[in-house]
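Chains as they are written, first to last, in the working numbering: chain A, 424 to 679; chain B, 424 to 679.
Hints listed in this document are in silico derivations from the structure and should not be mistaken for laboratory results. Hints are not guaranteed to be accurate.
Taking lysine-lysine and the DSSO-like style, the derived pairs with C-alpha atoms no more than 27 Å apart in a straight line are [unchecked claim]:
hint: 1; chain 1: B; residue 1: 673; chain 2: A; residue 2: 642
hint: 2; chain 1: B; residue 1: 560; chain 2: B; residue 2: 427
hint: 3; chain 1: B; residue 1: 514; chain 2: A; residue 2: 640
hint: 4; chain 1: A; residue 1: 599; chain 2: A; residue 2: 560
hint: 5; chain 1: B; residue 1: 514; chain 2: A; residue 2: 621
hint: 6; chain 1: B; residue 1: 599; chain 2: B; residue 2: 616
hint: 7; chain 1: A; residue 1: 642; chain 2: A; residue 2: 427
hint: 8; chain 1: A; residue 1: 642; chain 2: B; residue 2: 514
hint: 9; chain 1: A; residue 1: 642; chain 2: A; residue 2: 621
hint: 10; chain 1: A; residue 1: 566; chain 2: A; residue 2: 599
hint: 11; chain 1: A; residue 1: 598; chain 2: A; residue 2: 566
hint: 12; chain 1: B; residue 1: 616; chain 2: B; residue 2: 642
hint: 13; chain 1: A; residue 1: 673; chain 2: B; residue 2: 642
hint: 14; chain 1: A; residue 1: 514; chain 2: B; residue 2: 573
hint: 15; chain 1: B; residue 1: 514; chain 2: A; residue 2: 616
hint: 16; chain 1: B; residue 1: 573; chain 2: A; residue 2: 673
hint: 17; chain 1: A; residue 1: 452; chain 2: A; residue 2: 628
hint: 18; chain 1: B; residue 1: 616; chain 2: B; residue 2: 560
hint: 19; chain 1: B; residue 1: 427; chain 2: A; residue 2: 427
hint: 20; chain 1: B; residue 1: 452; chain 2: B; residue 2: 573
hint: 21; chain 1: B; residue 1: 616; chain 2: A; residue 2: 514
hint: 22; chain 1: A; residue 1: 616; chain 2: A; residue 2: 640
hint: 23; chain 1: A; residue 1: 673; chain 2: B; residue 2: 514
hint: 24; chain 1: A; residue 1: 514; chain 2: B; residue 2: 642
hint: 25; chain 1: A; residue 1: 573; chain 2: A; residue 2: 514
hint: 26; chain 1: A; residue 1: 560; chain 2: A; residue 2: 616
hint: 27; chain 1: A; residue 1: 514; chain 2: A; residue 2: 560
hint: 28; chain 1: A; residue 1: 616; chain 2: A; residue 2: 628
hint: 29; chain 1: B; residue 1: 640; chain 2: B; residue 2: 616
hint: 30; chain 1: B; residue 1: 673; chain 2: A; residue 2: 514
hint: 31; chain 1: A; residue 1: 514; chain 2: B; residue 2: 427
hint: 32; chain 1: B; residue 1: 427; chain 2: A; residue 2: 673
hint: 33; chain 1: A; residue 1: 573; chain 2: A; residue 2: 598
hint: 34; chain 1: B; residue 1: 598; chain 2: B; residue 2: 452
hint: 35; chain 1: B; residue 1: 452; chain 2: A; residue 2: 573
hint: 36; chain 1: B; residue 1: 452; chain 2: B; residue 2: 514
hint: 37; chain 1: A; residue 1: 427; chain 2: A; residue 2: 616
hint: 38; chain 1: B; residue 1: 427; chain 2: B; residue 2: 573
Small disclaimer: the values here were computed from a predicted structure and weren't measured.
Chain by chain, the residues run as shown.
There are 2 protein chains.
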Amino acid sequence: MQEKPLILVTNDDGITAPGLRALIRIMNKIGDVVVVAPDSPQSGMGHAITVDNVLTCNPITIDEGPQLEYTCSGTPADCVKMAINQILNRKPDLCVSGINHGANSSINVIYSGTMSAAIEAGIEGVPAIGFSLLDFKWHADFKPSEEFVKNITLNALLNGIPEGVVLNVNIPNLKKEEINGIKICRQANGYWKEIFDKRKSPFGKEYYWLSGEFVNKDKGQDTDIYALENGYISVVPVQFDMTAHHMIQKLNSWEL
Amino acid sequence: MQEKPLILVTNDDGITAPGLRALIRIMNKIGDVVVVAPDSPQSGMGHAITVDNVLTCNPITIDEGPQLEYTCSGTPADCVKMAINQILNRKPDLCVSGINHGANSSINVIYSGTMSAAIEAGIEGVPAIGFSLLDFKWHADFKPSEEFVKNITLNALLNGIPEGVVLNVNIPNLKKEEINGIKICRQANGYWKEIFDKRKSPFGKEYYWLSGEFVNKDKGQDTDIYALENGYISVVPVQFDMTAHHMIQKLNSWEL
Numbered sequence: 424m425q426e427k428p429l430i431l432v433t434n435d436d437g438i439t440a441p442g443l444r445a446l447i448r449i450m451n452k453i454g455d456v457v458v459v460a461p462d463s464p465q466s467g468m469g470h471a472i473t474v475d476n477v478l479t480c481n482p483i484t485i486d487e488g489p490q491l492e493y494t495c496s497g498t499p500a501d502c503v504k505m506a507i508n509q510i511l512n513r514k515p516d517l518c519v520s521g522i523n524h525g526a527n528s529s530i531n532v533i534y535s536g537t538m539s540a541a542i543e544a545g546i547e548g549v550p551a552i553g554f555s556l557l558d559f560k561w562h563a564d565f566k567p568s569e570e571f572v573k574n575i576t577l578n579a580l581l582n583g584i585p586e587g588v589v590l591n592v593n594i595p596n597l598k599k600e601e602i603n604g605i606k607i608c609r610q611a612n613g614y615w616k617e618i619f620d621k622r623k624s625p626f627g628k629e630y631y632w633l634s635g636e637f638v639n640k641d642k643g644q645d646t647d648i649y650a651l652e653n654g655y656i657s658v659v660p661v662q663f664d665m666t667a668h669h670m671i672q673k674l675n676s677w678e679l
Numbered sequence: 424m425q426e427k428p429l430i431l432v433t434n435d436d437g438i439t440a441p442g443l444r445a446l447i448r449i450m451n452k453i454g455d456v457v458v459v460a461p462d463s464p465q466s467g468m469g470h471a472i473t474v475d476n477v478l479t480c481n482p483i484t485i486d487e488g489p490q491l492e493y494t495c496s497g498t499p500a501d502c503v504k505m506a507i508n509q510i511l512n513r514k515p516d517l518c519v520s521g522i523n524h525g526a527n528s529s530i531n532v533i534y535s536g537t538m539s540a541a542i543e544a545g546i547e548g549v550p551a552i553g554f555s556l557l558d559f560k561w562h563a564d565f566k567p568s569e570e571f572v573k574n575i576t577l578n579a580l581l582n583g584i585p586e587g588v589v590l591n592v593n594i595p596n597l598k599k600e601e602i603n604g605i606k607i608c609r610q611a612n613g614y615w616k617e618i619f620d621k622r623k624s625p626f627g628k629e630y631y632w633l634s635g636e637f638v639n640k641d642k643g644q645d646t647d648i649y650a651l652e653n654g655y656i657s658v659v660p661v662q663f664d665m666t667a668h669h670m671i672q673k674l675n676s677w678e679l
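All chains should be modelled from the sequences, with the hints used to inform the complete structure.
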């Protein structure tokens, strides 16, 4: 009998998040699951790591199931480093991160703690997938996602994900029968138009809340944003060689 | 007479860092300088943004010079958002970040607060360069870097940096006469092999310090690591479209 795959599960919304719980349930059907997740929400943490403070990491039981769980004081990238280098006694076959409460499409891959965990696993040579549902509510309905998440995960285990690449999966907030399928996409070219909401403290000191709206500059029908707007799940292969190879020739003509 | 370029200066070591002070001195010779930098060190912050807390941002004077300076409670990416959307009354012609105390070559571009500031500027359509010196000491000698930083900056202003690309410049820790020149490079394929130093608190609670050593898997003579090891300044063009375009065809053969 073949050994079951060892699957590392993490997220950025914290170890009690319903999206993580849903992901654990799905992964328990596929392999041996070890969860190492942040003890508190870490949204917007990008690829932060903890270099100026100590980390704690302790076993915990949140709900029933065969999974082993650990809660970690660090960022999502810290959790993955801790899991691979300290907790697990062999390299996991797969790392899955999420299911995030909210979108990580387009440029949000850069700001996303969910994707930073997947990318960290990829850097350490572990195939990895980040999953996000386009519903930021704590009690979002992850049920319609389950079969798709399972299907993508099984495909990744079967076909393999090449070194240097991780997958960024976003799921539209629709009923299962309304989801049109899965599309392989590229990252749409977009950005956040910031709004700084300026306020005054009771003591007269000015402070700001950062908010904003996402602007999609990219009309391409091969983008993740287009897929999601048309009822498809988007799968973007993401690389962490950030070299703009097409620019090297031009730079070599500068007078440096 | 032509208008002087408006240059936004930031970093991740904090507004009092000698590397930032050196960068301000260089930029004052080139344009009108506005500094918006973190009020405390932000190393390892990756592309974190502040979504769950308020931000403060106040004018400050650290040392003499024509520059305007602001200190901000957020991450390097927050500083750039704040500068572009709240403080400056026109889009800057260039954003420079650094000079970082320590290397940001190879995969460190992903963990780097210095580079996250440059990338944030790039996302917002502002040409940007991150500068790092391979000396993490607070009182590192930035003097040998000055002429090279000026030269690269003037070239960027003259030639322009295409949309979607920012520059990652690393400078070896050598005397000026020992620096062999500037090389255009790609990001070396490397990773951090983590070491978790496990300790016990006075109260018997276990905690960890994250440390490690960098492993370069890439023998390419066109990499930033190779250039730096051979006494060259490395310039890597960095893109924030992270799509692994070469993987899209393969993914389309999966049974999804």
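Item to complete: Kindly indicate which numbered hints from before are broken by the structure, ordering the numbers from low to high.
Response: 2, 6, 7, 9, 14, 17, 19, 27, 31, 35 and 37
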